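2 protein chains.
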Amino acid sequence: MRRIWIGSFLATILAAGAAVAEEGMWTPDQIGAIAPRLAEKGLQISAANLADLDKGPLGAVIFLGGCTASFVSPDGLVVTNHHCAVGAIQRNSTPENNLLKNGFVAATRKDELWAGPAARIWVTRKETDVTDKMTAAVAKIRSDVAAFEAIDAVSKALVAECEQDKTVRCEVAVYDAGGRYVLNERLEIRDVRLVHAPPDAIGSYGGDIDNWMWPRHTGDWSLFRAYVGQDGKPAEYSEQNVPFKPSRYLEVSSEGVADGDLVFVAGYPGSTSRNLTAAELTTQAEVVAPQMLRTFQDLVDIVHEEQKRSPEAAVKLTPTRDGLANGLKYMQGLNDGFAKSGIVAERKKAEAAFLAALDADKVKKKKVRPAIDALFAAIETNAPYVGQEQILRWMLRLPVALRTAATIHWLAVQRELPDEQRDEGFQKRDEEQLWARLEQLQQGYVPEADKAFLRYFLAANQKLPAASQITPLVELVKEHGGEQQAVDALYKGLEVDQADSRKKLFSADKKTVEASADPLIQLAKRLYPVRDAQNKRGKKMAGAEARFRPVYLQAWRDHLGGLLYPDANATLRITYGDVQGYSPREAITYAATTTARGILEKHTGVEPFDAPETLRKAIERVHQGQKSNSDRFLVDNTVPVNFLSTCDTTGGNSGSPTLDARGRLVGLLFDGNYESMASDWAFDTVRNRSIHVDIRYLLWSLAEVVQGQHLLSEMGIDLK
Amino acid sequence: MRRIWIGSFLATILAAGAAVAEEGMWTPDQIGAIAPRLAEKGLQISAANLADLDKGPLGAVIFLGGCTASFVSPDGLVVTNHHCAVGAIQRNSTPENNLLKNGFVAATRKDELWAGPAARIWVTRKETDVTDKMTAAVAKIRSDVAAFEAIDAVSKALVAECEQDKTVRCEVAVYDAGGRYVLNERLEIRDVRLVHAPPDAIGSYGGDIDNWMWPRHTGDWSLFRAYVGQDGKPAEYSEQNVPFKPSRYLEVSSEGVADGDLVFVAGYPGSTSRNLTAAELTTQAEVVAPQMLRTFQDLVDIVHEEQKRSPEAAVKLTPTRDGLANGLKYMQGLNDGFAKSGIVAERKKAEAAFLAALDADKVKKKKVRPAIDALFAAIETNAPYVGQEQILRWMLRLPVALRTAATIHWLAVQRELPDEQRDEGFQKRDEEQLWARLEQLQQGYVPEADKAFLRYFLAANQKLPAASQITPLVELVKEHGGEQQAVDALYKGLEVDQADSRKKLFSADKKTVEASADPLIQLAKRLYPVRDAQNKRGKKMAGAEARFRPVYLQAWRDHLGGLLYPDANATLRITYGDVQGYSPREAITYAATTTARGILEKHTGVEPFDAPETLRKAIERVHQGQKSNSDRFLVDNTVPVNFLSTCDTTGGNSGSPTLDARGRLVGLLFDGNYESMASDWAFDTVRNRSIHVDIRYLLWSLAEVVQGQHLLSEMGIDLK
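Chains A and B, in that order, give the protein sequences. Using my numbering, read the first sequence as starting at 1 and increasing by one per residue. Using my numbering, read the second sequence as starting at 1 and increasing by one per residue.
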């Protein structure tokens, strides 16, 4: 999986604990504590400055929602990954000029292309510790559900208060499952424009085949620019808007890095689960991961069959197929990772030792053991629902029409509640985005494929142990005398797949929605009790976690000792490491860096290895030794392309700036290696690697492949 | 492809020329000439002895027909690959004791298992140059067909005279397409017994997935013993037979080899085509190889579909599927190899330079250019038949019943001729083996699969350019109104798929066979003119080659200069090289050696990575540092398993002994790497590698995994 964050559907808990490894995803306020280690490794700037949003490079690191980016000029020029910009590029493509295929460089600012109404840049402005307020709210509560509600209420109130300033978006980030709470205030820039994208054949060179793989040769970059109103404040898109002047932007270095060099990655990693209990980890590794592997194998087979039906179906289902194929590869790597790393056995052993040590200390035992037992009990209570929840989650995600119906119905039910009590993602502030997402979904709607997916999940439900089956689905199949018959009936007379009636239903109240004759709306209504029970279980679990997991984590921490970092939670983090290759298996060694020689070596002329002629010719000029002003970007008479580091990253880090020992931009994080797929559960320093594009490849390309010299100048690179 | 020789179906010529590379497949009489190079590289025995069948290790190197082997004890103990012994192992398996799965060690000589009536060991006894006799026969002939017939007649007469001694099998080997002829006399040992085979999970560890791949961890060995009558002469199998006493056997070394060491491979490489003309190479690379890739892709799809029909079909078609999958992988590698190596462009350039230099020298031009032009013309005449010939070849090979019918009919036609005029492989001396092979074929007969294959080839024929189509097939399809209808009609009322009638037809004369109502026999009869024309074209081409290719090769040689080796032709050769890893692609380095650590690393418990528990426990004892008498076989506290070398090998070399600088046995050649699939056309020293099993893995296994200490003793290894 490229390092984009799509939410961790495998994590049963929303936020988890702390870890002990030397590597880690450090919060800005921890940098002081790790300063001695950084100095030892050769940091050449002050660690204090590195941490300071107002003084150091971290102030230039911004969130795109799912991806990270950074400012690289005083005029709001932003660099991120190509795969984080695909939506904006597609949006501006026309049948005559497919920008995805051809790439794009805005010759002047006037040529910069609006990324659309959904595009956002969030600039972290302030992080305020609100732990006291949050924990005070639950201090005396003795029920899990009440605890969840109390936390939820305080959190929503804090957010509402913070968002009085209409230019910011706020959220309460949870660390260590409730050990710490931080209110983030992020400036929300709403006019984002595309400045440069490489052709897909550079930006996604290697495609799905190379995805997650090393050696890699991908030019995974894009440039945006942040625009604001003439008053300097965020504003909706307007031709009168002007470039945003960031308080911090990164210095771009053309000196590069080499094997063994210290590097940093600063960004917004989405979620990790490095401190699950042994029972939770066992469920993930031995139940969820294998089940999801089988499910993805089946779903990939289904989508392939459906694509054969017609050229139209083939096109419409391509994104679904790519997503499923990507998921399958991830699941294979994840299962491989769990199997090879032995982390489950290790965690069991470590937890047993931890509990034994705890129980041996009577004072400690009395103080923390009850909370730990309560956490274990809550986890155990939830475990039997895992199979059911996976089926329900994917059944309500893959078939487009059913997903639409279920979303409309859930929203209608939520609208009955006061806004502050509505679920996260279903509040008034979310409705616009929710509708936009539903409409986008319809592009991939193929009724026959919908039906095939739904049939699959109905059958999968029947195969669960009787006690775990979703009763309304069992009844549905029985009523129609078979899964196929049920599915056929459900897809007759739909309203949710008609633009007009869908729009009406989306805006309607619960009564109107539930009165609809649409069979999928009726199915959604029928499934509501199951989803509601699941939702309540989730809230109860979240409440139990807030009450007990911090106690567990604190005790676990005390037992392990050392400096620890909290699990990723989409807040700003910094990780450090070395440029370093690895050995994936006996007798194979991977070097840490790749070059343009490898691009030519992989080139076949067939996607995804179809390097553009302009690129190939430019590389050949270099290899023939022709001199140019861009020679400063070369290494060993060729163009550096990608490199590996031991930095600890995950989904959400895509586009993160890679910094050198002086805090200068030397690369962009864009992927993790195949061996790191289990790293969300445990980091393995021997074989987990982050994959970066060398910024010199971008700089050289701007000078030699596309007409981007003015952008080099803007980044402070003078080729003369 | 493991290094077994199944005949080079891609080579359009029967024997080809010489090459210029430093590496090569040298004939024993060339070793004197390369002695200085060998001395430089550290040879520690006399090069003259190395070459001498009576004095050096070459005398111990024997031919199994498709594989190579060597004597390793004074009592006729033979070591070769596991994959060369599969037939013998299967033959001795029972439902109660599956030797393929369980492996086997004969505790005493009485327990050794007969490998069956088809098993042979050929010991090269004498090589006599008969070039003068052969070339005298064609000296004054001015027609290609007459040249072929003259050569064929002299060759058959020499063989018949040589085989007056009933203990030997003789053949006239062709070097450089007729530049040199050698009469080989090989002692034919007819009682061969299985002494030891590892379990399939060791001998084929990694299976199809690892086939051709590196890093490798395969224990690809087996032990046989040669038996003769009490008079010491070859005899049919009898309990009274005694072990054969070879004049030479190899010294087995437990000292091993390490990265950079000089090694030799001695064996019987089947066929290479390193000196095709530019036109021939272009046809191979740009027509035949891509066409065969597509064909194999289609055939693999077909056999997969057919296997789904029933469990019975799945089992029967497994060898066919494995063969096709293997072929497909080979074709992919071959096409990759042609594409990446650029050998076609190189050959074109080299040939143009050669011809230009030749034409510039008027004397030379006058002397050799007419012969070269004649060769080029003959090649051009044959080129249009390539597509048709591939279809006919595979159509008459894959569908079992059609292959049976076509073989029976061809034999019946050949029987009309005097024996010495019958085609090679269809003479009296071949009939017994021909029948045995037909009978074995029937085990894989699945009528529906036969029909699917035949339908495919009928359709493929229709897609050829009209002028290249096989007319009787076009007519057949027209008569029945479609390919499916034609196939259905052809598979009704068969006699060739009934044991009794098949036997009768096999022994019948032409008239009786052609009177049969069997529709496939009738198809064979109908195809006879096409096959006959093809056969005649082949003979004409062979005659043209005998007349002109030696002239071309000699001129080519003169142009290139240096010492050259003839293309492989299933005669005894020796190749030398270094133990050496390689880089398959940028940023990847392969080490030259693997160990038991990699076996455990690959172990999943699922075939083909299901290492037996006895093996894993023995390895774990080693890794835990337990001392034993077998520690002499270890390196770095683990068991050496496989290694790579730069030796130049091909199909037929499977089982070849790998010798160290002192001529001692240190390994067994068993495969080439993926990058070497185009090596039959051009050897690439940078990326072509041979793959060997380290003999210490066998020795250690005999001591620690199976009860084979007595065999170690027999090989002169004393563990005390």
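What the hints contain is simulated information worked out from the structure, not anything from laboratory work. These figures come from a predicted structure and were not determined experimentally. For each residue, glycine too, the CB sits at the ideal point set by N, CA and C. Take these hints with a grain of salt, some might be off.
[Stated by the list, open to error] For each label pair, taking beta carbons as the anchor points, the in silico distance ranges come out as: (1) A/Glu312 x B/Asp373: 55 to 61 Å; (2) B/Gln709 x A/Ile209: 34 to 40 Å; (3) B/His480 x A/Asp488: 39 to 45 Å; (4) B/Glu312 x A/Val315: 53 to 59 Å; (5) B/Thr471 x A/Glu601: 57 to 63 Å; (6) B/Asp636 x A/Ser247: 33 to 39 Å; (7) A/Thr318 x B/His480: 37 to 43 Å.
[Claimed, not checked] Covered stretches of chain B, as calculated for chain A (at least 3 residues, CB under 8 Å): (8) 146–158; (9) 596–606.
Now for the hints, and whether the structure bears them out:
At roughly 57 Å, the beta-carbon separation of A/Glu312 and B/Asp373 lies within the given 55 to 61 Å, and the hint holds. Range check, B/Gln709 to A/Ile209: Cβ separation about 49 Å, and the 34 to 40 Å hint is violated. At roughly 40 Å, the beta-carbon separation of B/His480 and A/Asp488 lies within the given 39 to 45 Å, and the hint holds. In this structure the supplied range 53 to 59 Å is violated for B/Glu312 paired with A/Val315, their Cβ-Cβ distance being about 41 Å.
For the hinted restraint 57 to 63 Å between B/Thr471 and A/Glu601, the CB-CB distance of approximately 46 Å leaves it violated. The given range of 33 to 39 Å is broken by B/Asp636 and A/Ser247, whose C-beta atoms sit roughly 56 Å from each other. As the Cβ distance of A/Thr318 to B/His480 is approximately 41 Å, the hint placing it in 37 to 43 Å holds. Check result for the stretch 146–158 of chain B against chain A: violated, 0 residues qualifying (beta carbon to beta carbon below 8 Å, three or more required).
With a threshold of 8 Å between beta carbons, the proposed coverage of the stretch 596–606 of chain B by chain A holds, since 5 of its residues qualify and at least three are required.
Hint check: violations occur at hints 2, 4, 5, 6 and 8; the rest are consistent with the structure.
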